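Engineer: Protein sequence lines, in the order shown, are assigned to chains P and H.
So our numbering is basically just the index in the first sequence, starting at one, shifted up by 1048.
So our numbering is basically just the index in the second sequence, starting at one, shifted up by 1229.
What the hints contain is simulated information worked out from the structure, not anything from laboratory work.
Watch out, some of these pointers could steer you wrong.
With a Cα cut of at most 25 Å, we get these calculated DMTMM-like pairs of lysine to aspartate or glutamate [as the list claims (entries may be wrong)]:
no., chain 1, residue 1, chain 2, residue 2
1, P, K1169, H, E1501
2, P, K1169, H, D1278
3, P, K1169, H, D1277
4, H, K1403, P, D1068
5, H, K1469, H, E1251
6, P, K1169, P, D1194
7, H, K1403, H, E1434
8, P, K1169, H, E1405
In this text, all values refer to a predicted model and were calculated from it rather than measured experimentally.
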Amino acid sequence: MLRRRVAPQLPSLLARLNPDPWTEPFWRATREHRLVAPRCTACGAFRMPPTPFCWQCRTQAVDWVELSGRGTVFTFNVTRQALVPFLRGAVPYVVAVIELEGAPGVRLISNVIDVDPALVKIGMPVRVAWDDIDDNVTIPRFVPADGANA
Amino acid sequence: MSIKNSAAVVGVGSTPYYRRGESWPQTTMELACKAILAAVEDAGLRVDDIDGFALYSMPLDVSLLAQTLGIPEVRFSSTLTGGGGGAAGSVGLAAAAIHGGMAECVVSFLTLQQAKRRFGAAFALKQSDSDKGGGAYAPPHMPEMDFAAPSGLVGPGQMFGLLAQRHMHLYGTKREHFAEVAISTRANAIRRPSSLMREPLTLDEYMTARMIADPLCLYDFCLETDGAVAVITTSAERAKDLRQRPVHVLGSAHGGAGRWGQAIMWMNMPEEYFASSGHRPVAKRLYEMAGVGPSDIDVALLYDHFTPMVLMQLEDYGFCEIGESGRFVAEGNIRWPNGSLPVNTHGGNLSEAYIIGMTHIREAVEQLRGTAINQVQGAELALVTGGPASIPVSGLILRR
């Protein structure tokens, strides 16, 4: 597997993970470039970030469902001013909330990268791009799915 | 049984307001004590009368405060969970303590000094290489934060920008509508000596200002300031004999939907109320307790950390339909003195000072005493809200 940073402008300092037993399977999967989400074994509700109980039926057990990696932009901002000094080299960047295909009702906070920020729109189709921070941590980012402006 | 009419705000006190960091070398404790002593004096009480603290956003440790001021006996000490969402609700908490017989003279206050930490990056895990901690609300590295921080989402302005963008998409809300909140609030601030922003703001200046977290620009963000404000709540009975005309607690509520939850740090709220302030259930309960509705409110002090959140609160408190707040403000409704609902007559967090919502409570009291600088003539009912954020959010209705 080719490991590389696809969003090197976003500091690795932000991606120091502190998983717990419930979130760790998500991050283990991203390291293998697989996007997964936990689905309640009883009622089928997805929950993100992963939590120890289903918010709908309070069941604990989950199936980790592998997703297509496609999604749509639910909302976004274009961050143009660095709010902390170590983000000075990152601006402008697009923070986006992504609805994930195959996991209705849950969203992932991420970025849309490799795009002119002026072209990002709500409803825009995107697909995952894997940002390998180091040997242990991989963060899912998103790029336009149709290749426009990519 | 409720707290309705059981308690009254009888004293308000404040330090001057300072630009970020400029209150130094006063300490936050010193600022807090100055505001509390001013509120005691305003009420015609003595420090020895204080027996309770009803707080929010954990301004400082009550044990240290009580020993510093020599409070004879603390009988109630409680803080709403969460942050600025609880501002208005702290007075409701005070009323609950009084109504429940646990204390009689309860202080709510906030003291703030942003010399080292900036709330503009409140959720940053680490603000500089020498900073061992993080933003003021930075949690001790919770697993949930792994799902937000890597994207570079570190400041509340970015987070609320995500809600604002969705509101624009759903309802056609425009930057001009955000501008009306900023400009009308500035117009109110200009007349107040306590305000830090006293130059008029034009639409052209707004539209050409630098974008920080697009769609939000510089003037959509509140100030970062220092200072302290305190209010004293006591029983309606005792309030009759004090120095000021009592301002009665008609109702207060805090909380919100569980699935609003962490809201801006989570972004998985149900779509039905994603582009909202999170206040809808609180507003409903507040009006029910107070026995009044939106048309009865004479002046609204709506927590304005970011302009779009004022719009969403106008909707959630029923001053207009959901999605109609842009049109509502464009028609001049929130302007003082001639709008149908003057909003943030003190200049708000946006233009007077940001003391995490306490200035809104202070202004409500002044409006209902009839001593406000931008007085709404004949004001009888004032609505005060805490900051749209994670739950609990809160509301308060005061009456003359």
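Engineer: So which of the earlier hints does this model not fit?
Structural biologist: Of the numbered hints given earlier, those the structure breaks are 2, 3, 4 and 5, listed in rising order.
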